[in-house]
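Could you put together the complete structure from these sequences and hints?
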Amino acid sequence: MQGQGRNLLAPGVLLPHSSVQATEVSRPGAARVYDYFLGGMHNFAVDRRMADQVLAVAPWVRDVAHANRRFLRRVVEYLVAEAGVRQFLDLGSGIPTVGNVHEIAQRRARDARVVYVDVDPVAVAYSRELLEGDDRTLVVQADLRDAEVVLDRAGELLDLSQPVAVLMVSVLLFVHDDCQPFELVRRYLGPLTSGSYLGISHVTDEHAAGALRAQTEAVTAAYAAAGTPIVARTHEQIAGFFAGLELMEPGVVALDEWRDGPDTGLADPAIAALSLGAVARKPLSAWQASSRAEQA
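In this note's numbering, the protein residues as written are 1 to 296.
Watch out, some of these pointers could steer you wrong.
The following label-pair restraints were derived from C-beta to C-beta distances [claimed, not checked]:
1) E77 with M41: 22 to 30 Å
2) P269 with L130: 31 to 39 Å
3) V149 with H176: 18 to 26 Å
4) P191 with M41: 35 to 43 Å
5) D52 with L160: 40 to 48 Å
It is worth saying that the hints were derived from the structure and are not from the lab. Just so you know, even glycine gets a beta-carbon here, dropped at the ideal spot from N, CA and C.
Rendered as structure tokens:
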């Protein structure tokens, strides 16, 4: 549908007509499906059909999406308030909703800067429209698998000689093993300075059994049929993304167990266990540690 030269998404939500091509919204988009799970309105009928198919067999997927959002909020608050981070690189940032990284970070530190990266043209178009005129944010359309390209673009806003928090929340499940996801993480953290951070959430079906196992398999099949296949990984594999980094307490845990607060513990334990998360720091070099000790 079109109105006054613009593309209509959900009722009442518009995007610039020139920013979205018909071929780009003829199939479900992971970012837009996720937006629907979160109760957002920046999605198309094709996205809603797929999401409803998923929810019909696994209604808890919506709970997992919200658990990821709560995890993201707590991670950003921790990194700003306790770790002193002022720069964020949000990979697979998706459709902007209330409680985005820049909103959370800038509530505590007005000078915080955020680069959002997504491959979905709708997510990028709406993000740019929403953040127009905000010189502390940058929206990049890119495939997160192109780490060097992404870091080069991120350097337009961020000072990569200073600590950066790389956020990969609910996105590595779309990076299959033939794309070398563990090496991909190293390609992002490798060039960054010591004291940078990595935050990840990831689905797992390691302990799903019975009806829940059948539901997780149905969800995987639905995503594969839509052309956006996902992969669940074990606790050990997810922990492997943090190899060589210093894991922050409490380590790799169910999302609602990470630095729990008033917004946690809302999901059913069996459902909460389907997504794990953690935060880790790139360790100081021996020279940096020695210099800091001398200054102290």
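Handout entry: Hints violated by the structure (numbers, ascending)
Key = No hint contradicted; all consistent.
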